[in-house]
Amino acid sequence: MTQTTEELSCQELVELVTDYLEGALPRDERARFDAHLELCDGCNGYLEQMRVTIELVGRLTPRDVTPEAEAALLGVFRDWKN
Amino acid sequence: MEHALQLEEMQLVEALRGGDERAFEQLIRMYQTALLRVVQMYVSSRAVAEEVVQETWVAVLNGIDRFEGRSSLKTWIFRIAANRAKTRGEREGRILPFSSLGPPEPAVEGDRFDHGHWASPPTDWPEQRLLGQETQTVIENAIEMLPDTQRAVITLRDVQGWSADEVRNALELSETNQRVLLHRARSKVRRALEEYLGESP
Numbered sequence: 003m004t005q006t007t008e009e010l011s012c013q014e015l016v017e018l019v020t021d022y023l024e025g026a027l028p029r030d031e032r033a034r035f036d037a038h039l040e041l042c043d044g045c046n047g048y049l050e051q052m053r054v055t056i057e058l059v060g061r062l063t064p065r066d067v068t069p070e071a072e073a074a075l076l077g078v079f080r081d082w083k084n
Numbered sequence: 006m007e008h009a010l011q012l013e014e015m016q017l018v019e020a021l022r023g024g025d026e027r028a029f030e031q032l033i034r035m036y037q038t039a040l041l042r043v044v045q046m047y048v049s050s051r052a053v054a055e056e057v058v059q060e061t062w063v064a065v066l067n068g069i070d071r072f073e074g075r076s077s078l079k080t081w082i083f084r085i086a087a088n089r090a091k092t093r094g095e096r097e098g099r100i101l102p103f104s105s106l107g108p109p110e111p112a113v114e115g116d117r118f119d120h121g122h123w124a125s126p127p128t129d130w131p132e133q134r135l136l137g138q139e140t141q142t143v144i145e146n147a148i149e150m151l152p153d154t155q156r157a158v159i160t161l162r163d164v165q166g167w168s169a170d171e172v173r174n175a176l177e178l179s180e181t182n183q184r185v186l187l188h189r190a191r192s193k194v195r196r197a198l199e200e201y202l203g204e205s206p
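As they're listed, the protein sequences go chains B and G. For what it's worth, the numbering used here labels the leading residue of the first sequence as 3, then goes sequentially. For what it's worth, the numbering used here labels the leading residue of the second sequence as 6, then goes sequentially.
Since the hints were derived computationally from the structure, they do not count as laboratory data. Quick reminder that beta carbons are idealized off the backbone N, C-alpha and C, glycines included. Heads up, some of the hints might be wrong.
Stated by the list, open to error - Distance ranges between label pairs, derived from CB positions: (1) B/L76 x G/D129: 45 to 53 Å; (2) B/P28 x G/R22: 42 to 50 Å; (3) B/D81 x G/T142: 31 to 39 Å; (4) B/G47 x G/G166: 41 to 49 Å; (5) B/W82 x G/L12: 23 to 31 Å; (6) G/E19 x B/L76: 17 to 25 Å; (7) B/G47 x G/T181: 21 to 29 Å.
Same shape as in the complex, but just chain B (with noise of 0.2 Å):
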């Protein structure tokens, strides 16, 4: 693509991506970040793996806790009970 001074470099944009799933970019810094990906396969695919990523982490169930903790737990649960 052709680059003016204007325009976001790829290596910008990555780094702005969380900003932009955020909302938390101002008007123009958005507007370019859209210019962008209008025209930018690699950027495209980047985007969309940060959206792979943030819903495959939300998939995640919490680890186990582990049965002596969860041994633990439970005999404050019956203490602080009687």
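Assemble chain G onto chain B, guided by the hints.
Then chain G, alone, in the frame of chain B:
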């Protein structure tokens, strides 16, 4: 939706007050991992963090009769944990971690770019492997490897599904720092996935 959640929460509180062990087990399953990750930001070791989390649960049980529901149960539990962790960290002489973010950490290695443009752009990930057990392990390990604050932020935001404001309040972070920490954490998890999924199956 929010109303339903509140109702569920009040039922949990009532069950706890009535001494229902299953309600307590449910709370542990929901919050134990996230509590550990929050507390680890403030204290010196995993073992100390486990102690502090256990103290937190004792405080929750002892305080549950006085819990008035002015904040959500979740917010209340995590506030208790953060306060205890801070006190413990101070006693251990730990310098609390949020004064600076440290040096910049590029989301993508510089050698992937040529004059700012992709030299080796991201390639498509094989969809059928995304939901595999191994992929999940790769993600879990990547989160485990993160610095404490990044791990806590991504756990609360993306694993537990908290809002940015909830995380900022629970961890006493500025809006910007919350976002920077989230960005660094997500970027590293993406990199770990790219490394794993880029290999031939």
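Each hint tested on the structure:
1. Evaluation of the 45 to 53 Å hint for B/L76 and G/D129 yields a pass: the beta carbon distance comes to about 47 Å.
2. Our hint of 42 to 50 Å for B/P28 and G/R22 holds, since their Cβ atoms are close to 48 Å apart.
3. Taking 31 to 39 Å as the suggested C-beta distance range, the pair B/D81 and G/T142 conforms, at roughly 36 Å.
4. Evaluation of the 41 to 49 Å hint for B/G47 and G/G166 yields a failure: the beta carbon distance comes to about 26 Å.
5. A hinted range of 23 to 31 Å holds for the C-beta pair B/W82 and G/L12, which are about 25 Å apart.
6. Against the hinted window of 17 to 25 Å, the Cβ-Cβ separation of G/E19 and B/L76 comes to about 20 Å, which satisfies the hint.
7. Here the CB-CB span from B/G47 to G/T181 is close to 27 Å, well matched to the stated 21 to 29 Å.
Checked against the numbered hints above, the structure violates only hint 4.
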